[in-house]
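K.L.:
Since chain A is already given, all that's left is putting chain B on it; use the hints.
Take a look at the letters that make up each chain.
Number of protein chains: 2
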Amino acid sequence: MTFEILSRFLQKETKVNTETLRSFLATQHAADIAQFLNEYDVSLDWSVLSLLNLKRQAEVFSYLDRGRQTDLARCAPPNQFVAVFTAMDPDDRVDLFNALSEDEQKALLPALSQVERDDLQHLAAYKEGTAGAIMTSDYAALSPYLSVQQALNKLRRKAFNKESVNRIYILDDDHKLLGSVSLQALIFAAPTTPLQHIMVPETYAVHVDEKQENVAGKIARYDEPALPVIDAEGRIVGIVTHDDALDVITEAATKDFHKAGSIGTLAESIERAPIALLYRARVFWLVLLVFGNIFSGAGIVHFEALISAHMGLLFFLPLLIASGGNAGSQASTLTVRAMATGEVQLKHWGHLLSREVLVAGLLGLTMAAAIYGISAWRGGLDIALVVSVAMMIIVLVGSLIGLALPFVLTRIGLDPATASGPLVTSLADIAGVLIYFSTAQAFLF
Amino acid sequence: MTFEILSRFLQKETKVNTETLRSFLATQHAADIAQFLNEYDVSLDWSVLSLLNLKRQAEVFSYLDRGRQTDLARCAPPNQFVAVFTAMDPDDRVDLFNALSEDEQKALLPALSQVERDDLQHLAAYKEGTAGAIMTSDYAALSPYLSVQQALNKLRRKAFNKESVNRIYILDDDHKLLGSVSLQALIFAAPTTPLQHIMVPETYAVHVDEKQENVAGKIARYDEPALPVIDAEGRIVGIVTHDDALDVITEAATKDFHKAGSIGTLAESIERAPIALLYRARVFWLVLLVFGNIFSGAGIVHFEALISAHMGLLFFLPLLIASGGNAGSQASTLTVRAMATGEVQLKHWGHLLSREVLVAGLLGLTMAAAIYGISAWRGGLDIALVVSVAMMIIVLVGSLIGLALPFVLTRIGLDPATASGPLVTSLADIAGVLIYFSTAQAFLF
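Taken in order, these protein sequences are the chains called A and B.
Heads up, the final residue of the first sequence is numbered 613 in this note's numbering, and it's a clean run with no missing numbers.
Heads up, the final residue of the second sequence is numbered 613 in this note's numbering, and it's a clean run with no missing numbers.
Worth flagging that the hints you see were computed from the coordinates, not collected in a lab.
A hint or two may mislead.
Since the list gives no way to pick one copy over another, a pair counts as held whenever it fits inside one copy or between any two copies.
[What the hints assert, rightly or not] Computed cross-link-like contacts, EDC-like style, restricted to lysine to aspartate or glutamate with a CA-CA straight-line distance of at most 20 angstroms:
1. K274 x D286
2. K344 x E401
3. K386 x E419
4. K183 x E172
5. K386 x D415
6. K274 x E284
7. K515 x D200
8. K423 x E511
9. K515 x E439
10. K515 x E172
11. K386 x D399
12. K515 x E207
13. K386 x D233
14. K274 x D287
All values reported here derive from a predicted model rather than from experimental measurement.
Here chain A stands alone, though its shape is the one from the complex (with noise of 0.2 angstroms):
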């Protein structure tokens, strides 16, 4: 059976079979159920949903989209979405809260017992971008003295939810991190063991107010499932898990990619954003950019004498400042990305200074030659020596301008990857424009 039942019944066919419908959901991954959802064109109501039973119901309401959540929070039949709101899992919940209206919010409230309230309320004051905001406080949490046994009778009372997450974390009677027993562990010692014994010493706990990506990073650099989160007291507040890290990773490379193309924050998806956030996040850059080639235009008019005489210059103008601005793109987006994945450092700029000569040299030459006979035969010999050594010197420049940029920009205190391509080819035009006629002046005249 595929998905087309669920589109029939989406589309109010009269003819399918609920039972049906409700037996092939079961057999489908929540996030597959949620994704079907997102793509649907319609607006959507609770029919689809109350076909499930309220633990899956939740799964999936999590799994979609901001929008559409909101939209289905709105005209929730009484207490069925404060149940699948009750049913999510507290990060996916406070998520959702964050996203609500004031007004949406302050009747959410009242609906939720003491506990729940508290717990929203605690997680929600995080701020967004830290450890914080994307922890979940659905962890398990015993003291030191119990027995093996003793532990295992309490969480089979309080069966915890994360089915991805294995590992019990130890706290002192102030809530103070300890360390933590995997749930293997547990499995493998004697049932009179106490808890302390097989403890493992916690030292990878990170801080609540730790910036995401540092989180993440540590997650995938210790292949953790989840670390636990602290705040400043050494009490533990939450867990972050992998899935969570991986998506912030993907989110980072997002951003990264954005401002390589010289795009400004756009956290909405570009088939969904509204028209004006995707005017605002790109005019920024356009606009500022075209102040810099404003340097360019001044530089040829500066020439304009030299040209007037050569006019068959021209015809090479293109093509050389964009190597320029070509190779330096590929030598900032090399330097860009490592220095994202941690593989380059501030300290590593002599290094690879010496190593990007040796390269742009090399690819300065092989551009000079690829150059020589076009420009010969188009413009003559004299022609042809000024277009290839001043393409083996633009090629050279525009790299060194790509590979430094992001070290001037981290040792300034920015963000590297505003060393974006279309800011590094607006620099190099500009060396592009100035080293080509240069060179012209000195060997035409």
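P.N.:
Frame of chain A, contents of chain B only:
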């Protein structure tokens, strides 16, 4: 204590107390020790690793760069490398094995047990880039007819290694994958329950030939810490874990970044890759794009008479063609990234095109307004009109090229990421030259 003690030890200072160093190393994560060694500027010998027990040696060794690993393999005391190699996780082991020379592989094999040898050769046979090449054979599998108690006893006898994985796979008598049981379900079930009663049927297994990116995508999508890998007969052959998925996703993003900067395949770190490799990765696109730019040059030559009569037009040439290229880069970056994250598919092209016309139209108007004043001041109202109209059209056309190219490439079966900034810029340059001078010709003659 800090890593300084390790640094002093590596520099062969005599006063370093190895007991102090040993206890310091015991508190550090293997990944951190390995990173310190990776960044250390001298060639490594086994003196540091020998301070650790075998399990930790294998952990640290696994985190070392491939080059460091092969160096150490070559200078190892007899049996030490074999011992570490045998203690490594199967997936790390096979990656290292594949990096050794044929002679070294042949020397290593006889030192392994028959089981290890078979496992290694089995894993080494899978094609790079497939699920088979990143999976590990380190998983627990049991029969559905065992009771929970029997299962726990079996697991205790043959403790499996991967702390990060908490699923036991259930196989029939032919090794076919039926489903799985989480460690938690095992703990919470009554001891006499047969596993088949608490088993979750397996519907998300990946095929051994499936592309790594797909597998990583599924792990991300389903928030699973691991997915089982099956062969054509449905038999389990390994598992892929969340940490491998994270590596694959990071590598895929790096590849896309490099493509966006029109850089070819570069598997090695820019800090350590041989110069020849860096050169090869960059020269192809650089030379190819130069020939694209010849069309821009030809475009300029075509309008030589116009330019001679109005040399002032040249001032605006760089900023007009750069603006088209920048707007195009923005549009292609947004599209390529949204395609990579799965947000946008081929079928969305019509919707995105109509939105791009709106956004780029607004951007074009803004840019035209931004440039009108300057061009009026520099060249008079006639020139200002030409430049503003040309700017408006160039930004629109550049954006549409940037948006369309990834879709066109996908449609003809190529990777949309090849629609790099430099490629879009080159195309937009040609369009820019033609639009600018055509507009000028229309208005000024």
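K.L.:
Next, verify each hint and record whether it holds.
P.N.:
Structure-based check of each hint:
For a Cα distance limit of 20 angstroms, the shortest separation of K274 from D286 inside one copy, 14 angstroms, qualifies, whereas the shortest one across copies, 63 angstroms, does not. Proximity of K344 and E401 under a CA criterion of 20 angstroms is satisfied intra-copy only: 7 angstroms inside one chain copy versus 50 angstroms between copies. For the identical chains of this complex, K386 and E419 are neighbours both inside a copy (16 angstroms) and across copies (17 angstroms), given an alpha-carbon limit of 20 angstroms. Proximity of K183 to E172 under the C-alpha cut-off of 20 angstroms is restricted to the intra-copy arrangement: shortest distance 13 angstroms within a copy versus 74 angstroms between copies.
Taking the closest pair of Cα atoms, K386 and D415 come within 20 angstroms of each other both inside a single copy (14 angstroms) and across two copies (13 angstroms). In this assembly of identical chains, K274 and E284 lie within 20 angstroms of each other by CA distance solely inside one copy; the values are 14 angstroms within and 62 angstroms between copies. Taking the shortest Cα distances, K515 and D200 sit within 20 angstroms of each other only across copies (19 angstroms), while inside one copy they are farther apart (46 angstroms). Both within a single protomer and between protomers do K423 and E511 lie at most 20 angstroms apart by alpha-carbon distance, with minima of 19 angstroms and 15 angstroms respectively.
When the C-alpha separation of K515 and E439 is checked against a cutoff of 20 angstroms, the pair qualifies only between copies, where the shortest distance is 12 angstroms, while the shortest distance within a copy is 41 angstroms. In the homo-oligomer, the alpha carbons of K515 and E172 lie at most 20 angstroms apart only across protomers (18 angstroms), although the nearest pairing inside one protomer, at 57 angstroms, exceeds that limit. For the identical chains of this complex, K386 and D399 are intra-copy neighbours only, at 17 angstroms inside a copy versus 33 angstroms across copies, given an alpha-carbon limit of 20 angstroms. With identical chains, the CA atoms of K515 and E207 are at most 20 angstroms apart between copies only, with a shortest distance of 11 angstroms across copies and 47 angstroms within one.
Taking the shortest alpha-carbon separations for K386 and D233, only the inter-copy value of 18 angstroms comes in at or below 20 angstroms, while the best intra-copy value is 28 angstroms. Proximity of K274 to D287 under the C-alpha cut-off of 20 angstroms is restricted to the intra-copy arrangement: shortest distance 15 angstroms within a copy versus 59 angstroms between copies.
In this structure, none of the earlier numbered hints is contradicted; all agree with it.
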